[in-house]
Every structure is written in C-alpha cells, then in structure tokens.
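Colleague: Listed below are the residues making up each chain.
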Amino acid sequence: MKLALLYLRVQLLNELQYRANFLLRLVHSVLALGSGLVALALVFGQVNRLDGWDAHQLLVLMGVYTMLNGVVQMLVMPNALQLLVEIEEGTLDLVLLKPVDAQLAVSLRATQVWQGLDILTGAGTVVVGLVLAGGVQPAAVPAFLIALVCGGVLVYSFLMSLTISAFWFVKLDNIGELFGGIFQAARWPVGIYPGWLRIGLTFLVPVGVAVTVPAEVLTGKPSGFGLLALAVLAAAALAVTRVLWRRGLRHYSGASA
Amino acid sequence: MTGLPAFYLAAARQSVIQRFSYRASNYLFMAGMLAEPVIYLIVWSTVARAQGGSVGGYTPGSLAAYYIVWTLVRNMNVVYAPAGFEHRIATGRMSGRLLLPLHPIHYDLAGFGGAKVVWIAQWVPVAAVLVLVFRPEFHFTVVGVLVFLVAIWGAFVIRSLFLWLIGLVTFWTTRASALFELYLVLELLLSGRLVPITLLPQWMQNAAAWFPFEWTFGFPIDAVVTPRSPSVLLTGLGVQALWVGIGSLLLAVVWRRAVRRYTGVGA
Chain H
1 MKLALLYLRV QLLNELQYRA NFLLRLVHSV LALGSGLVAL ALVFGQVNRL DGWDAHQLLV
61 LMGVYTMLNG VVQMLVMPNA LQLLVEIEEG TLDLVLLKPV DAQLAVSLRA TQVWQGLDIL
121 TGAGTVVVGL VLAGGVQPAA VPAFLIALVC GGVLVYSFLM SLTISAFWFV KLDNIGELFG
181 GIFQAARWPV GIYPGWLRIG LTFLVPVGVA VTVPAEVLTG KPSGFGLLAL AVLAAAALAV
241 TRVLWRRGLR HYSGASA
Chain P
1 MTGLPAFYLA AARQSVIQRF SYRASNYLFM AGMLAEPVIY LIVWSTVARA QGGSVGGYTP
61 GSLAAYYIVW TLVRNMNVVY APAGFEHRIA TGRMSGRLLL PLHPIHYDLA GFGGAKVVWI
121 AQWVPVAAVL VLVFRPEFHF TVVGVLVFLV AIWGAFVIRS LFLWLIGLVT FWTTRASALF
181 ELYLVLELLL SGRLVPITLL PQWMQNAAAW FPFEWTFGFP IDAVVTPRSP SVLLTGLGVQ
241 ALWVGIGSLL LAVVWRRAVR RYTGVGA
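Taken in order, these protein sequences are the chains called H and P.
So the first sequence is numbered by my numbering: it starts at 1 and just counts up by one.
So the second sequence is numbered by my numbering: it starts at 1 and just counts up by one.
If you're looking for bench data, these hints aren't it; they were derived computationally from the structure.
Any given hint might turn out to be false.
Derived, one-sided and incomplete: chain H residues facing chain P with beta-carbon distance under 8 Å [stated by the list, open to error]:
1) L24
2) V27
3) S29
4) A39
5) L50
6) G181
Coverage of chain P stretches by chain H, computed from C-beta distances (three or more under 8 Å per stretch; other residues unrestricted) [said to hold, decoys possible]:
7) 45-52
8) 115-125
We put the beta carbon where it would ideally sit given N, CA and C, even for glycine.
Chain P on its own, in the form it takes in the complex (with noise of 0.2 Å):
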C-alpha cells in the first residue's frame, strides 16, 4: 500500500500503541466524562416518569440506550482541540508542521483516529456494565447498525474539520478560546447531547438544522436507539458527506491565507 492511505495505517498504529500505554490515564478521564450523560439520563427518566412514561417518544428504557451510546460519540467526539494552536504556535512548532510534506491535518485525523480504536476497546466493559444497571431498550435494525458504524467516522471527521476551523483563527489573533467556549455551548443545546433533538422546542430545532452539531452527535445515536425509515438514514449519511465537503472547502480556503499570515517563533 502506498499513499495517503498508507500513511493513515501507519501513523494510526503508531498512535494505538501509545494510546495503550496509557490505559489508566484513559480510565480516569472516562470516568469523568460518564458523569455527564448519566445525570442527563436521570433528569429526563424523571420528566419522563412525571409525564406518565414517556417525553417526546422517548421512555426512560430509550433515554438509557440513548445516554449510553452517548458516551460512545462523546469519545469520537474528542478530536484535536483549538487551544492545541494556541500551543503549537506559542511554541513555535507550527513552523516544523509546515515543511511536512502532507497537510498538516492528516497527522492530527490519523493520530486521533488510532486512538479511537484504544478509546472502542477500553469503552466496551463500561457500555457492559452501563447497560446492567440502567437497562436500555435499543432499536437494532442491520441498516441503522451499518449506518451507525459509518455515521460515528462521519461525526469524527466533521468535529475534526470545524475544530480545526476554529483552530486557525489563532492565527490572525491568540485568543481562539472566546470562540471556542461558543461553538461548544451552541453544540451542546443544538447537536442532541443536552437531550435528543425531538425533545427542543420547535424553533431551536429550526436553528440546529443550520449547523453542523447535529451530524456529530444526535443521528449517530437515534441510528440504533429510535425507530428510523432505510432511507431516512441514507439521507443522513449524505448530509454528513456534504458537511465534510463544507468543511473541507473552508479549511481549504481559510487555511491558505492563515499560512501567508503566519510568522513562527525563530522566522
């Protein structure tokens, strides 16, 4: 094999063998992180329960399944975050990145993408006992299995892309975070991870269908959690192409004026 695709093989594997390493270190942070989900999960049992068993189609067996393929998500979710930049260029060490000779995203989407297989393996016995103590009543169809596995890679290359938008307004100014904190907060109510779309008032579904979020989290989830048509989830596979393409385009753009504006440490 020889290409792009071999680099991603070999740099994705590079990538699992350190992630390994760190088996502990994963632990704790997922534990962390599960805290979320599982206090979501909770608040709506409850208004599902007071509302007689169920809240906007959801009862509290598919709130479980819904929360802990959550978690799943959130950690396709974690890819290279944009005070990285601050970091690589405070240091200096965009520069080196610079006279690599692939786009520098390759290596953050490759890095990331092998430790995702670490993150899939170590997450398998939590889903387990996850799924033991809240009992969740999934929605397995081969179609909404087959897109989910597609549909998760979709949300990470997505994030991926938006993120690193976000990342190269660092360089025109060295405060990204401001912005940072605001496209987390919009992907937080808009995107299904404070509670699934269905359950937002109708104009804040309005809004979500403007953005990305929702691709990166709520269809993944509702492919295998709530009743959806065959075509119904193609379609939303094909959304997710055409947000990668959006996002591609920009960084395209965005991403060839950044480099003529950046002056690295020792240039």
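So that you can see chain H by itself, here it is in the shape it has in the complex (with noise of 0.2 Å):
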C-alpha cells in the first residue's frame, strides 16, 4: 500500500512538470462532455424516458461513465499500454526481478495525472445530474461508491486480462481502439441492449454493469443486477486477471532467454 502511494506521488511530481498539457486535457474535457449532452439532448428531443431512464437519470449515468473512463486513462491504460511493449521487447525482465509484487507494480508504474480530469468533470455531472433529479437518499451514497470501486475493479480486470493475453499473442497494438469502441457501450444503460449483447457486457465484456449499476444504486433505480452481485463478479473478475497473469507470467520467456 505504502509502495503503491509512492509510486502514484512520483508519477504526479513528474506530470506537474508539464503544466500545458493540463489545459489541453482541459480541452478534450470540456469537448468530450459537451457532446455527450448534446447526444443526450438529441435523444430526449425525442421521447421522455429510454428504457425507463429519464434525463436527469440518464445525466448521473453519463457521469458515472465519464469517472470511469477518467480512472482508465489515467490509471489503466497507461500502465497496460506500457506493459504491452515490455512484453513484446522482453524488458518486463526489469520489473519481475524487483523484490516486490509484480502484479501491483505493473498497474500502478505509469499514470497520466491530467487525464484525471474526467474524475472531476464525471462528479460534477453526476452531482448536477442528482440535483436535476431531485436529490438523493443518503443512505444510497454509500452502496454508490461500493458500486464504483467494483465497476473499476471490474474495467481494470478486464483491460488487464486483454493485454495479459499478450503474453501469448505477443502483438496487440490496437487494443487501446479496441477497449475504447467497446467502452463506449457503457454510456448507455445496459438494459437498451438487446439480450445476446447485454449479457455480453455483463459477463464477457463486463464495461455495461460497470457504469449501470453505480448509477443505478445512485438514483434509486431498481436494479436487475443488484449491489451484492456486482461485488461478487467484480471480486471473480480479480481473480480470473490474477490467475492470468501467474499463467502468462510461466508463459514468458524474457528477452535474453
């Protein structure tokens, strides 16, 4: 725990140096959020409710799904991007000879702080979002931010196992636009997919529930998945990636081998 904080305040010492870089996240922030209201405002110029969902509703969703893709782009796909090359040059032999545990090491090595923006900007929607709808119980504050921290272990095991797969296949450069196509489902609520792809983003793919349900358990939606469930397949989801990983980890022969 100690080590994974040192390493999160190095990264953020670095990052500081390059104080542009905020603004132009700043940017695509702002870009990226206004056009998803403009595509909620298209779709609600239309009808009231998509699959029961209102728009305030569907605003906390939104929210719930910017947070997330913030804690990916921050945190996950750095460090899965980077991990991608170690396997295939073979460098990975650096970090598995170090006296500590190569899993978390390898999650936690690079962060690109800026792109924590989304943090923010998704909490603030989620708030706005809450607002409009009326506020909020507070007991459900929370079972939300138990959802949360499940719906993140639940994009970080399936990012990692994606790339673990790596370790077999070697070359996978285009995962990154592979993981952010199939993450873009999740900006919907889960229920408007048709059967064979909603179980498919719960299980497979488990990006759907990931935002669905935090945002359900926010707005005191009844919910098809509820709260334990989510823990349950959250804390499966580890366990599969950790498995991985040992696999992978016997698969890999290094560069000098």
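Once you've looked at the hints, go ahead and assemble the two chains, each given alone in its own frame, into the complex.
Modeller: Right under this line is the structure:
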C-alpha cells in the first residue's frame, strides 16, 4: 500500500512539470462532456424516457461513465500499454526481478495525472444530475461508492486480462482502439441492448454493468443486477485476472532467454 | 501511362501490398470501430420504437441500413491525421518530403487511397454479418448507387484536404491537437455520424450547411438509404466538387506560407 502511494507520488511530481498538457486535457474534457450532453439532448428531444431512464437519471449515468473513463485513461490504460511494449520487447525482466508483487507494480507504474481530470468533471456531472433529479437518499451514497469501486475493479480486470493475453499473442497494438470502442457501449444503460449484447456487456465484457449499476444505486432505480451480484462479479474478475497473470508469466520467456 | 495518374497507380499498389500484410491488425481495428455505430443504432432504434415505429422518417430497418453503410463511409473517412504532422515535423521527416518532386499531399492521398481498397475487401464479410443480425432496409436506385460509389471517394478527398489544412497549423504551433479535437466534435455532431442530419434540431441543420462535414458522411450514406430524387443526388455531387475546390484553394494558399515558415531539424 505504501509502495503504491509512493509510485503515484512520483508520477504526480513528474507530470506536474508539464502544465500545458493540463490545458489540453481541459479542452478535451470539456469537448467530450459537451458532445455527450448534445447526444442526450437529441435523444430526449424525441422521447421523455429511454428504457425507463429519464434525462436527469441518464445525466447521472453519463457522469459515472466519465468518472470510470477517467480512471481508465489515467491509471489502467497507460500501464496496460507499457506492459504491452515490455512483453513484446522482453524488458519486463527488469520488473520481475524486483522484490515486489509484479502485478501490483505493472498496474501502477505509468500514470497520466491530467487524464484524471475526467474523474472530476464526471463527479460534477453526477452531482448536477442528482440535483436536477431532486436529490438523493443519504443511504445511497455509501452503496454508490462501493458500486463504483466494484465497477473500477471490473474495468481494470477486463483491460488487464486483455493485455495479459499478449503473453501468448505478443503483438496487440490496436488494443487501445478496441477497448475505447467497446467502452463507449457503457455510455447508455445496459438495459437498452438486445439480449445477447446485454449478456456480453455483463459477463464477457463487463463494462456495461460497471457503469449502469452504480448509476442505478445512486438514482434509486430498481436494478436488474444488484450491488451484491456486482461485488461477486468484481471479485471473480479480479481472481481470473490473477490466474491469467500467473499463467502468462510462466509462458513469458524474457529478452535473453 | 505517365504523369500523375501513373504515380497514383504505383503508390496505391504499393500501399495495397503493405496493408494486406497486416490483415489481423486491420480486423482488430475494425472491431473497435464497429462498436460506435452499433451503439447509435441501438439507441435510435429504441427511440424509434418508443415513438411508435419511426423517428424523423427513419424506421429501425432504415436506421440499421444507415449505420451499416456508416461503417464503410467511416473507413473512407480515415485519412492522414494532423497528429502525423507533429510527428513528421518533430522528427525532421518533413524536410525530406519537401524535396519530393510532387506536392506531398499526393503521397498521402495515394497511400491512403490504396489502403481503402484492402479495407473495402475486408469490410464486405463484416457487412454481411451485420446485415444478417440487424435486418436493414436499403433504398437502392441505379442513380443512388452510382452517386454513392463516386461520393465515398469525394468524401475521402474532402476530409483529406481539410485534415491536411489542420495539420499545416503545426508549422506555426507544435500543438494542433486541440484544434483537431474541436474539428472532430463539430464533425461528430454535424456530419450525420452521431445521428442522421434530419434528426437534428433545425438550428443545428442550418449550422451544418456551413461546413463540409455533411458531404463526407451523411450524404453518401443517404444516397442508398433514403429515397432521394436523381437531381438532389447529382446536386450533392456538385456540392462535393465545390468543397474539393474550396479545400484545394485554401490548402494552396496556406501551404505556400507554411513552407516559408518551416525550419526542419538539421536545417
């Protein structure tokens, strides 16, 4: 834990040297949020409810999506990409030789702090959505935070498992595009998707429930997929990732071997 | 064959061979790209059904047709990106390109144009699966199909020209990416990429008329999806030609100034 915080501190200090990047990220965040809002406005210009969600509730959902996307872009994706390069080039040896848990190390080395701006704009969107929807049950807040952490764990596990498969496939340089495309599906409640896609977005590629369930918890919507089920799914996904990582390492032959 | 056509043929052929050797990578990229239209299709089909079967004249069937053709048009819209200019300038590679006997845009047009041939060949089986899953209703007419076949290449040229223009901004500042992102957001909203143009509120449709976006996205798609009279379709090709003209003119002017500003690495 101490080590994890130290890693993050070093990254933060490194990034703080480049303040112009902050402005660029700000522009990006604002544009992304703006186009999301326009898409919502277009849909709700035609109908009052989408699969039982009203505009304010969907605003909360979009905020949750933006927050999780921020976590992915700040923490998960940069580490996944670095891991990919090191598996391909064999330089992962240097990490494996260190006396720390290697999975923890490869998950926390490369942070892009400014990308975390999306976490803040997302949280702001959630708050605005809640205020417009007429407030929130106080009891829903801790449940929401738990659901959000589970959502984060699910997304991490999925992207990490995808990356770990590079131990077998070696070259997967379009992984960023692939994940970015699939993750967009989580912008909308998982219930609007037809059966086979909904099942896929729950179990196979769990990004759908990772966003929908926290938003349901917060807006007090009855959920087809409860908090407990989400927690179980997250734990299972983490365990699968761990197993894959172990097997992948056994398959890894290094640069000089 | 001599001159420019011969150059295009040779450069495109080279690009076809290069692209063809990365088939798996192409498919991974395509899979990521497919998610976007499928999501739009599902959202707008849900809206259409909630409104009793159609929205803005589109039924779930014609929406399916719209977003399936969308995938091909989106591929045609992949052109040399402004980020590439940053790379070329930062590494000094632009210097070499300035010494070439032809305007450097010809190399990008021919290279990406050749890659499109491989794209389209790989897209056909993907489209077949999409047709089976989503049951689209097309509106094919002879004129519509012919206009479509010309218009997708018009779209490619128009988008190449305008993204080159944004790329040239890198000659003044090394960070053109913010401008590019703004372009992408406007394009997303006003081109027919997010939704068919007729589903936009009137003021947004009016705004769209001032930009080239619609002619690179919505226009080619609608040629085979919605009923349009031959005169409307042919006029559309004319507007495309107009935008090619505007783009080329702007590019010629900006290019001349940009080159004068350029100082390469090692110059």
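Colleague: Indicate, hint by hint, whether the structure satisfies it.
Modeller: Status of each hint after checking the structure:
1. L24: Nearest chain P Cβ about 6 Å off; hint holds.
2. V27: Status holds, d = 5 Å.
3. S29: Because about 10 Å separates S29 of chain H from the closest Cβ in chain P, which is outside the 8 Å limit, the hint is violated.
4. A39: Holds. Min distance 6 Å.
5. L50: 6 Å, holds
6. G181: With Cβ-Cβ at 3 Å, under 8 Å, it holds.
7. 45-52: holds (count 4)
8. 115-125: violated (count 0)
In this structure, the hints that do not hold are numbers 3, 8, in rising order.
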